[in-house]
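Numbering (the numbering used here), first residue to last: 336 to 778.
These aren't lab readings, by the way, just hints derived from the structure by calculation. Heads up, the beta-carbon is just placed ideally off N, CA and C, and yes, glycines get one too. Hints are supplied without guarantee of correctness; some may be wrong.
Unchecked claim - Heads up, simulated DMTMM-like pairs for lysine to aspartate or glutamate below, C-alpha to C-alpha not over 20 Å straight-line: (1) K496 x E545; (2) K676 x E548; (3) K709 x D682; (4) K496 x E548; (5) K580 x E545; (6) K481 x D458; (7) K481 x D540; (8) K580 x D706; (9) K676 x D540; (10) K496 x D458; (11) K580 x D682.
To be verified - Distance ranges between label pairs, derived from CB positions: (12) N449 x P535: 20 to 30 Å; (13) P613 x S504: 38 to 48 Å; (14) P576 x A488: 27 to 37 Å; (15) T662 x N532: 51 to 61 Å.
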Amino acid sequence: MPIFENSDETEQVEYHDDIDVVTGPESDRKRISLGFAAKALVSILGVSIFFSLGNTFAGNIRINSTGTLEYGQGIAVAAACSSTTPLTLTPNATLINAPGNGASFYFQSVTVSNIPAGCTGADFEISAYGTSSSTPLAIFNSTATKAIVYNNAGTFIAGYKTSGVNISSGSGTFTITFNTPAALASAVAKVTLQSTNHTPWPCSDGGPCEIGETGPGGGIVFYVNPTGFNCGASFSSTGSPSGGKCNYMELAPYNWSTLGADPHLNWSTDANRATAVPGLTLDAGWSLGAGNNVNSAALAAVIGQGLQQTNLIVAQNGTCANSATCTYAAGAAKAYTSTVKGVLYSDWYLGNIGEVNNLCKYATAQTGTPDTRKCSGGEYVSAPFYGSGTLLTNQAQGGFSNSYYSSSDQGGATGNFRFDLRSGQALSNFTKETLPCAVRPIR
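Build out the structure end to end from the sequences listed, making use of the hints.
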């Protein structure tokens, strides 16, 4: 591979036939050293060298070797997938004010453009190195040394185990921005770009999720929002397990409670059936329309708030030892845990109406519609209490029951919201103790 390096040495060229040398010792590298006078923010080396050397070939540039060279300018590089088409790589630095440390420039993003159709389906790997080490620098998330961008049929998305980044995708171009950059711009001496065969990153392993996939917690993904939504116990933009917004929700699998079909439980304990849950109010902006339907304009605003609401209900009614013996809905959902690949997931909860509305869409094959759209149906049917929607009763897809499902919303001191998955009907003002409803945890 070509490595472009700035140094104080005279110009010299060394060539070796071994091309698998990104992190190998200096003696194993092909090297071009070019003399530069140190200048403050002047230019990045603009040299184009193209080879076609197979799937492990990487195009590299070096910056900040003996002087501070300018970020924000592109350099032509080659990658295996691009053949003779030059890609343009542009590293970018951003001034960040770190508490207690003042403001410093960090290596924060990379733009790659002029990507040909031949790179469809490939992964792009980006790394950075210092001046005196073959060990890659941590460039984001404190310790991550490699960022991978996947060319998914022309749309660029985060690749295998690359999280904490934002990717702007365009036609033949992408910009990857590190949300929490870790490398000072002055410490980066070399940026490498290489294309490789794609490594799948399933949702169950922390990758981007698609509806119907197995989620990290062992459930089924029923809702996806690529731009993210507030979530967590604090219902905030940092509420996800990774510290940012959430991008998906998954439902617990069939037989989650070890009792077979979803258990039917009262909304609260008998002692609290006529007492409002402190801090839990009817969600702002909701109103009951014809047929007791929830106002659809407010459905999207509360997606992700269910855990916060569940915690308030449990604080009033008490913690359950396990989900199989719990006598009320939120307690059973909160008590459920799953262990997948040695990781314990204990953040399951009882979804609110906005979340159960999307659960209804999944259960009746209406996914992909706007968050403000109610699950179809919506007309109260007095008998047999169900609409005409087709429900996913297959256990592998969820195994839903033909019954009302409980939510974590209360309709006043003595009432609660329940949701008919068949009709899309949300009903309230039913006494918390008089009508047990089916329970399905989500996370």
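Comparing the hints with the structure gives:
Between the alpha carbons of K496 and E545 the distance comes to roughly 16 Å, so the proposed pair stays at or under 20 Å and holds. With a C-alpha separation of about 16 Å, the suggested pairing of K676 with E548 holds against the 20 Å cut-off. At roughly 26 Å between alpha-carbon atoms, K709 and D682 are farther apart than 20 Å, so this suggested pair is violated. Of the pairs offered as hints, the one joining K496 and E548 holds, with about 17 Å between alpha carbons and a cut-off of 20 Å not exceeded.
Taking the CA atoms of K580 and E545, the gap is near 17 Å; set against the 20 Å cutoff, the hint holds. At most 20 Å may separate the alpha-carbon atoms for a hinted pair to count; K481 and D458 meet this at roughly 12 Å. For the suggested pair K481 and D540, the alpha carbons sit about 17 Å apart, so the restraint of at most 20 Å is met. Restraint check for K580 and D706: satisfied, since their Cα atoms lie roughly 16 Å apart, inside the 20 Å limit.
At roughly 9 Å between alpha-carbon atoms, K676 and D540 fall within 20 Å of each other, so this suggested pair holds. Restraint check for K496 and D458: satisfied, since their Cα atoms lie roughly 12 Å apart, inside the 20 Å limit. A C-alpha spacing of about 15 Å is found between K580 and D682, which places the hinted pair at or below 20 Å, so the restraint holds. For N449 and P535, the hinted distance range of 20 to 30 Å is satisfied, since their beta carbons lie about 26 Å from each other.
Hint check: P613 to S504, Cβ distance near 45 Å, so the stated range 38 to 48 Å holds. Hint check: P576 to A488, Cβ distance near 29 Å, so the stated range 27 to 37 Å holds. The hinted window of 51 to 61 Å between T662 and N532 holds, with their beta carbons roughly 53 Å apart.
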